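Trainee: With these hints in hand, go ahead and build the complete structure from the sequences.
2 protein chains.
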Amino acid sequence: MALIVQKYGGSSVADADAIKRVAQRIVAQKKAGYDVVVVVSAMGDTTDELLDLAEKVSPVPPKREMDMLLTAGERMSMALVAMAIGNLGYEARSFTGSQAGVITTSLHGNAKIIDVTPGRIQEALDEGSICIVAGFQGVSQDSKDITTLGRGGSDTTAVALAAALNADACEIYSDVDGVFTADPRIVPSARRIPQVSYEEMLEMAASGTKILHLRCVEYARRYNIPLHVRSSFSQKPGTWVVSEVEETEGMEQPIISGVSHDRSEAKITVVGVPDKVGEAATIFTALADAEINIDMIVQNVSAASTARTDISFTVPMDFGQTAMTALKKVQEKVGFEGLRYDDQIGKVSLVGAGMRSYPGVTSRFFDAIARSGTNIEMISTSEIRISVIVEQDQIDTAVAAAHSEFELDADQVEAVVYGGTGR
Amino acid sequence: MALIVQKYGGSSVADADAIKRVAQRIVAQKKAGYDVVVVVSAMGDTTDELLDLAEKVSPVPPKREMDMLLTAGERMSMALVAMAIGNLGYEARSFTGSQAGVITTSLHGNAKIIDVTPGRIQEALDEGSICIVAGFQGVSQDSKDITTLGRGGSDTTAVALAAALNADACEIYSDVDGVFTADPRIVPSARRIPQVSYEEMLEMAASGTKILHLRCVEYARRYNIPLHVRSSFSQKPGTWVVSEVEETEGMEQPIISGVSHDRSEAKITVVGVPDKVGEAATIFTALADAEINIDMIVQNVSAASTARTDISFTVPMDFGQTAMTALKKVQEKVGFEGLRYDDQIGKVSLVGAGMRSYPGVTSRFFDAIARSGTNIEMISTSEIRISVIVEQDQIDTAVAAAHSEFELDADQVEAVVYGGTGR
Numbered sequence: 001m002a003l004i005v006q007k008y009g010g011s012s013v014a015d016a017d018a019i020k021r022v023a024q025r026i027v028a029q030k031k032a033g034y035d036v037v038v039v040v041s042a043m044g045d046t047t048d049e050l051l052d053l054a055e056k057v058s059p060v061p062p063k064r065e066m067d068m069l070l071t072a073g074e075r076m077s078m079a080l081v082a083m084a085i086g087n088l089g090y091e092a093r094s095f096t097g098s099q100a101g102v103i104t105t106s107l108h109g110n111a112k113i114i115d116v117t118p119g120r121i122q123e124a125l126d127e128g129s130i131c132i133v134a135g136f137q138g139v140s141q142d143s144k145d146i147t148t149l150g151r152g153g154s155d156t157t158a159v160a161l162a163a164a165l166n167a168d169a170c171e172i173y174s175d176v177d178g179v180f181t182a183d184p185r186i187v188p189s190a191r192r193i194p195q196v197s198y199e200e201m202l203e204m205a206a207s208g209t210k211i212l213h214l215r216c217v218e219y220a221r222r223y224n225i226p227l228h229v230r231s232s233f234s235q236k237p238g239t240w241v242v243s244e245v246e247e248t249e250g251m252e253q254p255i256i257s258g259v260s261h262d263r264s265e266a267k268i269t270v271v272g273v274p275d276k277v278g279e280a281a282t283i284f285t286a287l288a289d290a291e292i293n294i295d296m297i298v299q300n301v302s303a304a305s306t307a308r309t310d311i312s313f314t315v316p317m318d319f320g321q322t323a324m325t326a327l328k329k330v331q332e333k334v335g336f337e338g339l340r341y342d343d344q345i346g347k348v349s350l351v352g353a354g355m356r357s358y359p360g361v362t363s364r365f366f367d368a369i370a371r372s373g374t375n376i377e378m379i380s381t382s383e384i385r386i387s388v389i390v391e392q393d394q395i396d397t398a399v400a401a402a403h404s405e406f407e408l409d410a411d412q413v414e415a416v417v418y419g420g421t422g423r
Numbered sequence: 001m002a003l004i005v006q007k008y009g010g011s012s013v014a015d016a017d018a019i020k021r022v023a024q025r026i027v028a029q030k031k032a033g034y035d036v037v038v039v040v041s042a043m044g045d046t047t048d049e050l051l052d053l054a055e056k057v058s059p060v061p062p063k064r065e066m067d068m069l070l071t072a073g074e075r076m077s078m079a080l081v082a083m084a085i086g087n088l089g090y091e092a093r094s095f096t097g098s099q100a101g102v103i104t105t106s107l108h109g110n111a112k113i114i115d116v117t118p119g120r121i122q123e124a125l126d127e128g129s130i131c132i133v134a135g136f137q138g139v140s141q142d143s144k145d146i147t148t149l150g151r152g153g154s155d156t157t158a159v160a161l162a163a164a165l166n167a168d169a170c171e172i173y174s175d176v177d178g179v180f181t182a183d184p185r186i187v188p189s190a191r192r193i194p195q196v197s198y199e200e201m202l203e204m205a206a207s208g209t210k211i212l213h214l215r216c217v218e219y220a221r222r223y224n225i226p227l228h229v230r231s232s233f234s235q236k237p238g239t240w241v242v243s244e245v246e247e248t249e250g251m252e253q254p255i256i257s258g259v260s261h262d263r264s265e266a267k268i269t270v271v272g273v274p275d276k277v278g279e280a281a282t283i284f285t286a287l288a289d290a291e292i293n294i295d296m297i298v299q300n301v302s303a304a305s306t307a308r309t310d311i312s313f314t315v316p317m318d319f320g321q322t323a324m325t326a327l328k329k330v331q332e333k334v335g336f337e338g339l340r341y342d343d344q345i346g347k348v349s350l351v352g353a354g355m356r357s358y359p360g361v362t363s364r365f366f367d368a369i370a371r372s373g374t375n376i377e378m379i380s381t382s383e384i385r386i387s388v389i390v391e392q393d394q395i396d397t398a399v400a401a402a403h404s405e406f407e408l409d410a411d412q413v414e415a416v417v418y419g420g421t422g423r
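In the order they appear, the protein sequences are chains V and P. Quick note on UniProt numbering: the first sequence kicks off at 1 and runs consecutively. Quick note on UniProt numbering: the second sequence kicks off at 1 and runs consecutively.
Hints are computed from structural coordinates only; laboratory data are not their basis. These numbers were taken from a predicted model, which means no experiment stands behind them. Everything hinted at is true.
One copy or any two copies: either way a pair holds, since identical chains are not told apart in the list.
Restricting the straight-line Cα-Cα distance to at most 27 Å, the calculated cross-link-like pairs of lysine-lysine (BS3-like) are: (1) K30 x K20; (2) K31 x K20; (3) K276 x K329; (4) K144 x K112; (5) K56 x K20; (6) K20 x K236; (7) K63 x K30.
Mentor: Right under this line is the structure:
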C-alpha cells in the first residue's frame, strides 16, 4: 500500500477547529487508500508561551530542561489530532519522537538526526492505524535525554520518517500555497512554482526563501523523497520538490526558478589588513572558533603602494556582535587597521538550474539591477545561483527588477503559455 | 547520605512565582545535606485546560491519547522547577515517569504501578544532581505506551519512588497544613494531628478525608515509608503518617484520631426482595459486572408473613445511575418490587486505633449523634472505624457532636495537656 507522510505546522493546528479540519484531511487521505503518517508541530503560540514561562523562572535556562519543556508542545497537539481522527471513526495513535525512533545527537536545542528506527510506527501502520508523530524532537543516542532539532525541525522529522519508512511522498502543510517565484508581499505578480529541483530549493532556502529549511531539503535529496509543499487551508496543489523537474507539454523548463531575498545578514569589513600570507586564515579561524558561519566573502585587490587590503564578509545579523568581539581579539596579532559593521544591507539571489546552459544570465541580472538604480556592494555565485548584496532599502526594487527581467511575472508567463513562444 | 522524596501538588507550582518558591525549599533541603528527589503535579489549571481542549475535538477521546495529552502537564512543571533550581546555582534534572522507571499496567487513565526501576534517578543522585520527576504518569509494561495513574497518582508516584530508592521519608506538600481531627470548615476548633498510623490514615482516606489518596497510603504502609503531609506555603510541621505513633511525653495516645465525612455517596434500596437463597448474590453480581464499588450494605430482617426483605447499600454518587440501570435489568429475574434512590445522604466516620481497647466508643458515638438530633440510617464498622449514614443536611451537626464528644476540640486538648490528666 502506498504510504504518505504529512507534516502540519503550528498554524495548521492552532486551535480545536484547525485540528478538526486537519483530521478531516488526514482521514480523506486514508479513505483514498493510503497508509498515513502525520508529523505535527506545537499548536500556534504554545512554544512562545512556554518560552515566556521559562524566562520567568530562569534568565538562562539549562538547555536540557528547555528541550524537556518545549517538547510538551507537540505532545499536546499530536494527542489532540489523534483524538479528532478517532472522532471521525478512524484509529490513530500518537508517538513522541523517542517512541517513533528518532535518534539524535545530544546537542540540546539543535540536535541532528543520526538514525530513525520506526519499528513502532511500522507496527501500528500494519495494524491499520494512522500514526501521529511529534515533530521537532528526538532522543539522544548517548544520554537517552529528550532533544529538539532546532529551526525547521518538524519538516526534517517528516522527511527523515518518510525516508526510514520508504514513503512515496512527503507533504509539508503550512499556511502558504507553495514556493513562489518571489515573495508575493514584494512582487504581487509572483507565481507559485509547480515543480522545483532539490538543488534549486536548497539554493533558495540558503538565500532566504523561508518555506522549507535547508536541512529538510538536504535530507529529502539524499533519500530522494518527493516533497509536496502546500497549504492546509485550501485544496490547491502546491509546489513539488523533486530530483528532476518534468518538462510540461509545450514548455521548456524555465531558466530561472525564482528570486529570493534575505534581510537577516550583516556585513563586516576588516579594514587595512597587511597583505601577507596567512592573515586571512587567522581572521577566519578566529570566526570559526567562535562558531560563526560566514556567507559571502570579498577581498579587494590591494594597492601596491600600501601593501594593505580590505576584507568584507557577511554573517547572520544575530552573530554580528559575537563576530566583532572575536575579531577585536585578533586585531593586534593580525595588525589590521579597523572594523566596519553594517546591518543595513540585504541579499538578493537569482536561482535556476537553467542558468548552467545560458551564459548570459549573470550580465542580464546585473544589468536589470543597475537599471533599477540599485548599487551592488558584493557578489557571489554558485553553479545555479547568483547573489548580490545591496542596501537594505533597495532590496524590494532589486527583487522586482530581476523578477520582471526573467519573465517570471504572472502576466508574462501567461503570454508565453498562450502565445506558445518558448523562452 | 539521607534521601528525601518531596511531592508538590498543582497549587504549589501554579505559576512562575510559586515554582520559584518551591525551588528555594528544595535547595534548602539539599543545602541541609540531603539527597533530594522531587515529584511534581501539573501546574494549577493545566489539566483542566487540556481536558477542555480534548472535549472540543472529541466528545469521547480515546484513553490512550488522553494520557498522552495530560502527561504534557507534568512535563512542563517539572522542566520549569528544574530550571528554577538551576537558577539558584544547583543542578537539577527532570525525568518523565517513563525515564524514572515507573512501570505500570496498561489501564489508561487508571493504571497501577507494577514496578519502579529508578536506575537513571539513582545515577543522577550519585552525580550530585537534584532529580525532578513527573508525577501521575508511567509507561505500560506490555505496550510501552504512556499511562496515567488516576486520582492521587502523584502522591503514589512519590511514595513508590521513595520505596524503590529506599528513602528516609516522603514529604507530601499541598496547600493544607496537614491532617486535621475534622474538616476545619465544619469544625473550626479542629486540630492538626501531629502523628497518625498508616491504618488510621487508610480508614480516614476511605471515609472521606481528602488529604491523601488510599493507594498512596497503602503503598507507604507496605514499604514502611514515613509520610510527612504539610503545606508548601509555610514552614510549620504537618502530619506524620507512620507505622507506630510515638507516645508523646505525659500523654497517652488518643482513643480517637479524627472524625471524617463524605458527601459523595448515594443510597440505593432494593425493595421487596423475595427472601430466598441466592437473591442477594444475583443483585450484587449484577453491580459487580457493571464495575460498581459498593460501600455499606444493610439487609432488614424479613417479616415472616411476607417472606420479603429490603436491601440497602451505598455507592459513589457518580455511579448511581449506572447502578440503577444494572439493577433494573435483573428486576424480573430476582423478582423484587422496586428501587429507591437517595443521594441526599452523607457518611460520618469516627477513626481511631485506640477504639480497639475501649469497648464503650460505639455507644458514646451513637449517643452523641442522637443527642445532636441526628437520625442514623445505616451503620458499618471496622476494627478501628465506625461509620453512620445520616441525612445530608445533618452531616455538619453530627461531625461537630462526635468531635466534641471525644474531646478533639483544640481547647479541650489544651485543658488535657496543661491539666496533666490523661484520657
